[in-house]
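These protein sequence lines map, in sequence, to chains A and B.
The numbering of the first sequence is our numbering, which starts it at 1 and goes up by one.
The numbering of the second sequence is our numbering, which starts it at 1 and goes up by one.
None of these hints come from the bench; they were simulated from the model.
Among the hints, erroneous ones may be present.
Some chain B residues flagged as far from chain A (calculated, every beta-carbon gap over 12 Å) [stated by the list, open to error]:
1. M1
2. G39
3. A113
4. R163
Pairwise CB distance ranges, derived in the manner of DEER restraints [what the hints assert, rightly or not]:
5. B:A192 x A:P95: 29 to 39 Å
6. B:V82 x A:A97: 17 to 27 Å
7. B:D159 x A:A123: 52 to 62 Å
8. A:P95 x B:A175: 30 to 40 Å
9. B:D159 x A:M171: 39 to 49 Å
Okay, derived cross-link-like pairs now, SDA-like style, lysine to any residue, Cα gap no bigger than 25 Å in a straight line [to be verified]:
10. B:K84 x A:Y99
11. A:K9 x B:G118
12. A:K249 x A:A236
13. B:K133 x B:D159
Glycine residues also receive a C-beta, built at the ideal position from the N, C-alpha and C atoms.
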Amino acid sequence: MNAYWMEAKCEFLKTARMRSYSVSTILFPLMFYCFFGLAMGRQQMPGMAMPMAHYLLATYGAFGVMGAALYAFGVGIAVERGLGWLEVKRASPMPPAAYFLAKAAVSLAFGAIVIALLFTLGALFGGVRMPAAQWLLMGGTLVAGGLPFCALGLAIGSFAGPNSAPATVNMIYLPMAFCAGLWLPFEFLPKAIQQAAPFLPAYHFSQIALSILHAPVHGAVVGHVGALAAFTAVFAGIAWIGQTREREKMYG
Amino acid sequence: MPVAELSGVTKRYGEVAALGGISLALERGELVALLGPNGAGKTTAVRILLGLARPTTGHAAVFGQDPASRKARLRRGALLQVAKVPETLRVREHIELFSSYYEKPLPLAETIAAAGLGGIENRLFGDLSGGQKQRVLFALAICGNPGLLLLDEPTVGLDVESRRALWARIRGFVARGGSVLLTTHHLEEADALAHRVVVLNHGRIVAEGTPQEIKARTASSGLEDAFLAIVGQSEEMAQEVMQ
Ligand SMILES: Nc1ncnc2c1ncn2[C@@H]1O[C@H](COP(=O)(O)OP(=O)(O)OP(=O)(O)O)[C@@H](O)[C@H]1O
Ligand SMILES: [Mg+2]
Numbered sequence: 001m002n003a004y005w006m007e008a009k010c011e012f013l014k015t016a017r018m019r020s021y022s023v024s025t026i027l028f029p030l031m032f033y034c035f036f037g038l039a040m041g042r043q044q045m046p047g048m049a050m051p052m053a054h055y056l057l058a059t060y061g062a063f064g065v066m067g068a069a070l071y072a073f074g075v076g077i078a079v080e081r082g083l084g085w086l087e088v089k090r091a092s093p094m095p096p097a098a099y100f101l102a103k104a105a106v107s108l109a110f111g112a113i114v115i116a117l118l119f120t121l122g123a124l125f126g127g128v129r130m131p132a133a134q135w136l137l138m139g140g141t142l143v144a145g146g147l148p149f150c151a152l153g154l155a156i157g158s159f160a161g162p163n164s165a166p167a168t169v170n171m172i173y174l175p176m177a178f179c180a181g182l183w184l185p186f187e188f189l190p191k192a193i194q195q196a197a198p199f200l201p202a203y204h205f206s207q208i209a210l211s212i213l214h215a216p217v218h219g220a221v222v223g224h225v226g227a228l229a230a231f232t233a234v235f236a237g238i239a240w241i242g243q244t245r246e247r248e249k250m251y252g
Numbered sequence: 001m002p003v004a005e006l007s008g009v010t011k012r013y014g015e016v017a018a019l020g021g022i023s024l025a026l027e028r029g030e031l032v033a034l035l036g037p038n039g040a041g042k043t044t045a046v047r048i049l050l051g052l053a054r055p056t057t058g059h060a061a062v063f064g065q066d067p068a069s070r071k072a073r074l075r076r077g078a079l080l081q082v083a084k085v086p087e088t089l090r091v092r093e094h095i096e097l098f099s100s101y102y103e104k105p106l107p108l109a110e111t112i113a114a115a116g117l118g119g120i121e122n123r124l125f126g127d128l129s130g131g132q133k134q135r136v137l138f139a140l141a142i143c144g145n146p147g148l149l150l151l152d153e154p155t156v157g158l159d160v161e162s163r164r165a166l167w168a169r170i171r172g173f174v175a176r177g178g179s180v181l182l183t184t185h186h187l188e189e190a191d192a193l194a195h196r197v198v199v200l201n202h203g204r205i206v207a208e209g210t211p212q213e214i215k216a217r218t219a220s221s222g223l224e225d226a227f228l229a230i231v232g233q234s235e236e237m238a239q240e241v242m243q
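Construct the complete structure from the given sequences, taking the supplied hints into account.
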């Protein structure tokens, strides 16, 4: 049991001290929210059911949580696998699950930190008001929504090389965030992108988060939850293939 | 029961025969040095005993167990060549983490002292010199109080002084009843440490014996000359077999 706890603790310390990780996962979503969510202020945008500061709280929350998971898993595993550290751990008596559980716990923890800071900004400067229960529900949903992206990160990290992993993650993460309407409201995007969005897990994630704000969402929430579950299964399957391939290479 | 055992182990990577059938047994309290030119199969042999690679044919065991089993891993420590160790953990944190994997680890202070890390245990790994990093890896290998150490080129990149200090630590481990299999390119290292030297070439054992026996066999005064003579002979033999 102690090994699981120590693994999570060390994973957290290690990750928190990596400036590249803390900056890209914490600072970027907050900065973007300030630019787009707060600067455009409380005014009602044409064709939108709620002020930008409200809408973007949900979508930048989703953006931040996704980043925390994708970088921790996608980049973290690609580097540790590719440069031999994972092998040192595999030769040790580390419980194999401890490694992945610790990464998941740290991804969710950083997701929670981003959400807490974002909510503070929204409440203090964005004029966002909600009953406590709604804040909590939205925060909890956003943090839990990191899990499918842990699976996506695991899939990327099981294939990507240590040097190319950050670029690979960014190439998937950033366009997906944009096309799912996380940066700018979905309604503002070109029609073609809107039609393709259901093929992106980030779209379903943001629709679930928006539904908690009582924003009008596309499709039923159950459908979005189901879609995310399906994506998670697919990503886990891809990761499994990658890990198996790795083992076969080792065992030749 | 030997502490570690390879019997008739071959290992193929596609076309490459990394190991061509080697048998090797390591007894309690024994230090065996694996020597051989680049690509001889030393690392492959170590990886098989670590459960990181499976023999294509033949059998490997650590304390009578499958090398990949948890029982084997709990009684074994390893120092591998690794390109990058997480740099943002402190020395102490690295050791505490690996200690937590074992059932009866050494007390932290003892590991720190045994690996010569006193005074730098609160530094981040990334801030250490190459030799200090190597000492941390040695600490991770011994922190679980294992009965067997597998060391793949443990003194690579160390200056003379650090190398001798690490030798003393390895000798200390053996004196307490531990067994060690180490690979090295430094012949004087094998001479200074090993009870038995095993020379590999092209995945086969071409000589085996105490450092004295190996030297006597080729009438060489130093192990280095003996090594070159043995590897040279085995190359000639291989050519004859081919023709
Ligand atoms: N994962 C692998 N895939 C393919 N070939 C491999 C793999 N690992 C080792 N080999 C090959 O097996 C042979 C033995 O390699 P090994 O690493 O065991 O040599 P070594 O004795 O440790 O060499 P060095 O002194 O350079 O460390 C080499 O020809 C190497 O190219
Ligand atoms: Mg080697």
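Item to check | Violated hints, by number in ascending order, as checked against the structure | outcome: none
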